[in-house]
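Participant: Residue numbers (the numbering used here), protein chains in the order written: chain A, 1 to 100; chain B, 1 to 186.
A few of these clues could be false.
[What the hints assert, rightly or not] Per label pair, the in silico range of CB-to-CB distance:
(1) A:32 x B:137: 21 to 29 Å
(2) A:17 x B:135: 24 to 32 Å
(3) B:129 x A:71: 45 to 53 Å
(4) A:49 x B:127: 21 to 29 Å
(5) B:36 x A:48: 20 to 28 Å
(6) A:71 x B:133: 37 to 45 Å
(7) A:41 x B:161: 45 to 53 Å
(8) A:49 x B:98: 45 to 53 Å
(9) A:33 x B:132: 44 to 52 Å
(10) B:165 x A:76: 29 to 37 Å
(11) A:41 x B:36: 30 to 38 Å
(12) B:23 x A:37: 55 to 63 Å
(13) B:110 x A:41: 29 to 37 Å
None of these hints come from the bench; they were simulated from the model.
Here the structure is a predicted model, which means the values were calculated and not measured.
Think of the CB as a built atom: it goes at the ideal place given N, C-alpha and C, for glycine as much as any other residue.
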Amino acid sequence: MEEFQIVDNCLMVRLPEEVDHHKAAYISAGADRMLLQEQVQHVVFDFEDTRFMDSSGIGIIMGRYKKIACFGGRVFAIHADRQIRRILTISGISKIVEIV
Amino acid sequence: MTVKQGSAAVCGKRNRDAAKGGERNEMELCFDAVSSNESFARVAVAAFVSHLDPTLEELADIKTAVSEAVTNAIIHGYENFYGYGRHGELRPAYLTVHPGKVRIRCVLEGGVLHIEVSDRGKGIEDIDRAMEPLFTTRPELERSGMGFAFMEAFMDDLEVESEPGRGTTVRMSKKMDAGAWIDSEE
């Protein structure tokens, strides 16, 4: 699947255009499946296509962080536009996500 | 079990050109409490205010706040939450979809947008607790517990009224004239 890709020791998650509760379970389940299959260390969330996100997106990131943090994994956000950055900052999750 | 795509009824959108200052404009939506209607709800509210030429930030704020309120009504009020099966198909986490409607009422008056999202679901036991950031009654859903915090952050005003067993009404408002602070933000 295109949405989940392994690059080196990172899992790249390409998020859809709209990240809400409707899509969240699918993204979380897919990412977790990959995390179990491949022994990756870090997770990278790619917001390239994302134009909308609500607190469900924060839940996705927090959930993945909890799964990899104990093994020294880090979570990154790339291609986040201004609105997505705002959401990441207001929620306080920018403390654990490295926005690149 | 099939998930019914909500039958959305749109009624009474009038005074299409209610200008920023004066006229009053009101609309009401009523739709099934299923997760596929979340995007419909926020886009509908955004479209309702589009003639005011809102900034992208204002639109995004409104959409996020509506999305939070509607999602809360669906997953907490009516307990309709969804997961994905082995083959990636969307299915309700419980075997039955609890029937219920979410109602949105929007009033534009004096350049202020008032949004009311209500459900007749199970209600909130402790509103103050529910409004605390990171508090959630359903940690297993891996949601952030930031719903009310986002509504507070993105709207000017937030009011929650709830009675256990009877339902919840969330009222929020936002002044539709944020050009000044957007410019000063960066």
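Participant: Each hint: holds or not?
Facilitator: Against the structure, the hints come out as follows:
1. Checked against the hint of 21 to 29 Å, the C-beta distance between residue 32 of chain A and residue 137 of chain B comes to roughly 22 Å, which is consistent with it.
2. Between residue 17 of chain A and residue 135 of chain B the Cβ separation comes to about 29 Å, which falls inside the hinted range of 24 to 32 Å.
3. The supplied range of 45 to 53 Å is broken by residue 129 of chain B and residue 71 of chain A, whose beta-carbon atoms lie about 33 Å from each other.
4. Separated by about 36 Å at the C-beta atoms, residue 49 of chain A and residue 127 of chain B break the suggested range of 21 to 29 Å.
5. Hint check: residue 36 of chain B to residue 48 of chain A, Cβ distance near 24 Å, so the stated range 20 to 28 Å holds.
6. Our hint of 37 to 45 Å for residue 71 of chain A and residue 133 of chain B is violated, since their Cβ atoms are close to 27 Å apart.
7. The given range of 45 to 53 Å is respected by residue 41 of chain A and residue 161 of chain B, whose C-beta atoms sit roughly 47 Å from each other.
8. A beta carbon spacing of about 32 Å between residue 49 of chain A and residue 98 of chain B contradicts the range 45 to 53 Å that was offered as a hint.
9. Our hint of 44 to 52 Å for residue 33 of chain A and residue 132 of chain B is violated, since their Cβ atoms are close to 32 Å apart.
10. Distance hint check for residue 165 of chain B and residue 76 of chain A: the Cβ-Cβ separation is about 44 Å, which falls outside the suggested range of 29 to 37 Å.
11. Remark: the range hint 30 to 38 Å for residue 41 of chain A to residue 36 of chain B is upheld by a beta-carbon distance near 35 Å.
12. Roughly 58 Å separates the CB atoms of residue 23 of chain B and residue 37 of chain A, a value that falls within the hinted 55 to 63 Å.
13. For the pair residue 110 of chain B and residue 41 of chain A, the beta carbons lie near 54 Å from each other, so the given range of 29 to 37 Å is not met.
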